[in-house]
Amino acid sequence: MADRRDVAAHPVYLGDGVADAEDQSERRFIERLARRDERAFNELVELYEARVFRLVLRMLGRRDEAEDMAQEVFVQIFKAVGTFRGDSKLSTWIYRVSVNLCKNRMKYLSRRHSEGEDELEPVAERAALDEAKGVTFGDVAQPDRMVEGYQIERVVQQCIAELDPDFREVLILRDLEDLSYEELSEITGLPDGTVKSRLHRARSMLKANVERKMGEKIR
Amino acid sequence: MTDPGQDDANDSSAHAATTPEPDESLRSMLRGALREEAPPPNVLAGVQKRIRERSKGKFYADGWSTAKHPPLNTYLVTSLMMLAILGISYALLSPLVGSPVPVRNQPVPVQLIPH
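Same order as they appear, the protein sequences are chains A and B.
With my numbering as the guide, the letters of the first sequence map in order to residues 1 to 219.
With my numbering as the guide, the letters of the second sequence map in order to residues 1001 to 1115.
Incorrect hints may appear among the rest.
As a list, the in silico DSS-like pairs of lysine-lysine whose alpha-carbon atoms are at most 27 Å apart [stated by the list, open to error]:
{"#": "1", "chain 1": "A", "residue 1": "Lys-103", "chain 2": "A", "residue 2": "Lys-89"}
{"#": "2", "chain 1": "B", "residue 1": "Lys-1049", "chain 2": "A", "residue 2": "Lys-103"}
{"#": "3", "chain 1": "B", "residue 1": "Lys-1058", "chain 2": "A", "residue 2": "Lys-79"}
{"#": "4", "chain 1": "A", "residue 1": "Lys-79", "chain 2": "A", "residue 2": "Lys-103"}
{"#": "5", "chain 1": "A", "residue 1": "Lys-79", "chain 2": "A", "residue 2": "Lys-89"}
{"#": "6", "chain 1": "B", "residue 1": "Lys-1056", "chain 2": "A", "residue 2": "Lys-79"}
{"#": "7", "chain 1": "B", "residue 1": "Lys-1049", "chain 2": "A", "residue 2": "Lys-79"}
{"#": "8", "chain 1": "A", "residue 1": "Lys-79", "chain 2": "A", "residue 2": "Lys-107"}
{"#": "9", "chain 1": "A", "residue 1": "Lys-207", "chain 2": "A", "residue 2": "Lys-103"}
{"#": "10", "chain 1": "A", "residue 1": "Lys-213", "chain 2": "A", "residue 2": "Lys-107"}
{"#": "11", "chain 1": "A", "residue 1": "Lys-213", "chain 2": "A", "residue 2": "Lys-103"}
{"#": "12", "chain 1": "A", "residue 1": "Lys-207", "chain 2": "A", "residue 2": "Lys-107"}
Calculated from the structure, these hints are not laboratory results.
From just these sequences and the hints, can you work out the full model?
Below is the structure:
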């Protein structure tokens, strides 16, 4: 499994032979999962837990919700892995399950009028202000850049939380998870053109919203 | 809020031909705002517990033996403790067990008493 982990973490072109071996390895792994091999499933969780958690945290914006959701994602994967046909990569399928569950949870929270609590990490849990110094934004010509930068972070978090889940989904998958358009298309089930259009609009809306709240242009 | 469903109507002509890449300031702003501060939690134990409960014990019935790394130290320590308990028990109880003491008295001859 160590090899699989390395390849998953650093996707590079390995040549056809290695890629085939990799495919076969993944197929065997999926077969073990479909047989409900508990050790194989443990390996799957350990391999993907960080990525799944990071994704659901970005989607939901709350650490407690994200931890609960990450567990739920793997439970659903355990239940449904027998239906995975291998049309896409296992990682893409896991992303799809994660995103769909997150969107359902967001709708549920929205129905419960919990959107007001939909904040990203509370201020107290964030790093010290001096760590905000490394963050790069558009050039904000203010005397105290650290505090200013920290405020911008908060505004951006709010603006992301205010985005429609469908927009938030493509923005996070592309700009933060660095997935390809093909993978986005497989995850969302949308045509390539729609993905690009949605992404473009998501960025525009986010930028406009941030600029409106900050009262200045992002450069 | 803009309706995402509108994408389906006006997507292909406007954006399909181009690959919309964000300007770097927007991307770095996003990364800065959503960067991870704390390490991700270990969710394996929680996942195993949920599966065990929902499957009513069919899966992950014995959580500790199905862990990825079997707790060899636990097995070893348990075995050594059992051996130690057996040794101590033997040491304590062995003095109570001895071979039968031989009777040194000679048997008295039987005397028949006539009536």
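Indices of hints not satisfied (ascending):
No numbers; nothing is violated.
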